[in-house]
Amino acid sequence: MKDLNKLYYILCTMVLLLTANVAFGSTLKVCKTCDYTSVKQAVKQAKPGETVLIENGVFQEYGIEITKPLTILGRNNPVIDGNYKGQIFTVLSDNVTIEGLTIKNIATSYRHDDAAIRVVERSNVRILNNTILNTFFGIYLQYSDNCVVKGNVVTGKDVTGLNESALGNAIHLWYCDNVTISNNKVKGHRDGIYLEFVKDSEVKNNLSQHNLRYGLHFMFSDRNVYTHNIFRQNGAGVAVMYTRDIRMEHNTFENNWGAAAYGLLLKDISNSVIHNNTFRRNTTGIYMESSNRLDIQRNNFDHNGWAVRLLSSCSDDVFKLNNFTGNSFDVSTNGDSKLNHFENNYWDKYSGYDLNKDQVGDVPYRPVSLYSMLVERVPPSVMFMRSFMVDMLDNIEKVLPSFIPENLVDEQPLMSKIDHDNDRKLAQIIR
Amino acid sequence: MGKIIKYVFYDIIRNKIVLAYTLFLLLLSIGLFNLGGSPDKAVLSLLNLVLLTVPLISIVFATTHFYNSYEFIELLVAQPITRKKIFMSEYLGVAGSLSGAFIVGVGAPVLLFGASLTGIYLLLTGVFITFIFVALAFLASVITRDKAKGIGIALLLWFYFALIYDGIVLFILYAFADYPLENATLAMTALNPVDLGRIIVLLNLDVSALMGYTGALYKSILGSLWGISLAFGLLLLWILVPILSSRSIFSKRDL
Numbered sequence: 001m002k003d004l005n006k007l008y009y010i011l012c013t014m015v016l017l018l019t020a021n022v023a024f025g026s027t028l029k030v031c032k033t034c035d036y037t038s039v040k041q042a043v044k045q046a047k048p049g050e051t052v053l054i055e056n057g058v059f060q061e062y063g064i065e066i067t068k069p070l071t072i073l074g075r076n077n078p079v080i081d082g083n084y085k086g087q088i089f090t091v092l093s094d095n096v097t098i099e100g101l102t103i104k105n106i107a108t109s110y111r112h113d114d115a116a117i118r119v120v121e122r123s124n125v126r127i128l129n130n131t132i133l134n135t136f137f138g139i140y141l142q143y144s145d146n147c148v149v150k151g152n153v154v155t156g157k158d159v160t161g162l163n164e165s166a167l168g169n170a171i172h173l174w175y176c177d178n179v180t181i182s183n184n185k186v187k188g189h190r191d192g193i194y195l196e197f198v199k200d201s202e203v204k205n206n207l208s209q210h211n212l213r214y215g216l217h218f219m220f221s222d223r224n225v226y227t228h229n230i231f232r233q234n235g236a237g238v239a240v241m242y243t244r245d246i247r248m249e250h251n252t253f254e255n256n257w258g259a260a261a262y263g264l265l266l267k268d269i270s271n272s273v274i275h276n277n278t279f280r281r282n283t284t285g286i287y288m289e290s291s292n293r294l295d296i297q298r299n300n301f302d303h304n305g306w307a308v309r310l311l312s313s314c315s316d317d318v319f320k321l322n323n324f325t326g327n328s329f330d331v332s333t334n335g336d337s338k339l340n341h342f343e344n345n346y347w348d349k350y351s352g353y354d355l356n357k358d359q360v361g362d363v364p365y366r367p368v369s370l371y372s373m374l375v376e377r378v379p380p381s382v383m384f385m386r387s388f389m390v391d392m393l394d395n396i397e398k399v400l401p402s403f404i405p406e407n408l409v410d411e412q413p414l415m416s417k418i419d420h421d422n423d424r425k426l427a428q429i430i431r
Numbered sequence: 001m002g003k004i005i006k007y008v009f010y011d012i013i014r015n016k017i018v019l020a021y022t023l024f025l026l027l028l029s030i031g032l033f034n035l036g037g038s039p040d041k042a043v044l045s046l047l048n049l050v051l052l053t054v055p056l057i058s059i060v061f062a063t064t065h066f067y068n069s070y071e072f073i074e075l076l077v078a079q080p081i082t083r084k085k086i087f088m089s090e091y092l093g094v095a096g097s098l099s100g101a102f103i104v105g106v107g108a109p110v111l112l113f114g115a116s117l118t119g120i121y122l123l124l125t126g127v128f129i130t131f132i133f134v135a136l137a138f139l140a141s142v143i144t145r146d147k148a149k150g151i152g153i154a155l156l157l158w159f160y161f162a163l164i165y166d167g168i169v170l171f172i173l174y175a176f177a178d179y180p181l182e183n184a185t186l187a188m189t190a191l192n193p194v195d196l197g198r199i200i201v202l203l204n205l206d207v208s209a210l211m212g213y214t215g216a217l218y219k220s221i222l223g224s225l226w227g228i229s230l231a232f233g234l235l236l237l238w239i240l241v242p243i244l245s246s247r248s249i250f251s252k253r254d255l
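Protein chains in written order, with full-length UniProt numbering: chain A, 1 to 431; chain B, 1 to 255.
Take the hints with a grain of salt, since some may be wrong.
Pairs of lysine-lysine residues, derived as BS3-like cross-links and limited to a Cα-Cα distance of at most 27 Å, are as follows [to be verified]:
no., chain 1, residue 1, chain 2, residue 2
1, B, K84, A, K349
2, B, K16, A, K417
3, B, K3, B, K16
4, B, K41, A, K398
5, A, K398, A, K349
Quick caveat, the hints were computed from the structure, so don't treat them as lab data.
Construct the entire structure; sequences and hints are all you get.
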């Protein structure tokens, strides 16, 4: 009995604490029967620091401008329907939180980029757990820093057959620093997540799929980290261009399949790290152009058309401890890119032996096949894929290499597939 | 004519080689479908089988059969039957029984495990390839009376279509790499039934995404109903040209 009383007191205190908290930064309720029946009105009346609590219901509103630090909170899934009339939320103040709303219906416009939530030149804005449906741009941050975009679901439309200019991006950042984009699910837009001139930001645990162009698009965005994301069935996977110091870890790139699709497209990148990613069933796993000093380790390349297309403009890239399984072509190159280094990878096409049983093959492996060189040089010859002549040429070349790049070679290929979760023992052997 | 075809057919079945061939195909295709993960992959492996072994077995079997039934043909020629009829019945008997073996051996597993448009194309291609290579075998057989020579020519023909031709085309493509070669490649593949068959099936599998611009061009041409009919029309031409020319040689020459 005493215990129960104790529990009761604790509960009471908790409830009181909760109400006290709300009472402290007073709340303006918005619902059909409350004092405020429109979000716009409530936002206008609220004093800085207050909370606008939107109860369930559908609100036909647009053009809501937030000019003071507020918390806009949705309870029981309120819906704000823009009715294709214009932008819904425009944040023009620091320290704003928008949470738990469903925001929908923004018209495609070729003149201005209307978004569900736009943040203009502000900081410490938090956009959390919203559902954004059927919009042109989803969340648009410009010249803003220290923002958080977390747990949002941005869903567009079926993009098949649409024009790139008729679509906006789900999450669009332009000149922003220190932004965290995490746990979002985006699909059906032009680019899933678009970063341009964004520095020191983090993109993690997002799922980006069925976008017309890229799942994630980086331009001129240095020192960013993106980890544990999944990019699936996008027009061309992920593009990272003109940047440096990027960390790409534990991401999954899969089913980016089509005549011009890539898992990861790298163009003019340097000093970056690509670790522990999985590339599965992409037309091209990684396409690298003018990319220098990349550290590509412990990735899985499984069932891609080309696992790696390494153009000769790349140099000082290191491929180490990667698994290459079931790819049509492991590595292809258009010249003799001798400045890159392959070491200790596992290649399922490797047919060498290991006499001293140290798990490292005794014969070097040349990942570039004669046929892939031919295809790179004369694209029409791809029509002879799986012809016996091609298989024969490849095998002869493997025995007596004369055309394939002399220096593009893995001197110490591994004999068995690397289990990346459990490779400490192997790493010791290699060392 | 029907009677002769029936006789040829029975003769081949009594021979048991065709039965062994059926069994071989059946085991291989069932094995491939049970081994690989997706039916698409099995179809891809089967494609290699269809394009390598089916022509080889068709051409060798048809040539030896033709020489072995020379006495029977001579006997028939003594009867009041036109030579054209005799020749065509021989051809249809051999090609029919071999493609029957193919349909049972590969068709049944394909329809059972991986029935798709690609599977149907694979089957059609296999049947066409059988007919084409039996026709080529008959051509080789009527050119010379010498059995060893005939089989030699047949094997050379197989070697040419399965291997050498691709080598030559790849060499040409390499030598003229600076020119736009898409249409030339298309024309050159039409000149080899094995390549034509391979491309018809490959374009319908998802590896077609690897084929870039050329693949897209092929797909735009062969992807339509018209294009597919054109491709199979070309294959039909590959049957008709050798068989008609060998028929006319057979009708005219001294036995």
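Structure-based check of all given hints:
no., hint, in the structure
1, B:K84 <-> A:K349, "53 Å, violated"
2, B:K16 <-> A:K417, "46 Å, violated"
3, B:K3 <-> B:K16, "21 Å, holds"
4, B:K41 <-> A:K398, "25 Å, holds"
5, A:K398 <-> A:K349, "11 Å, holds"
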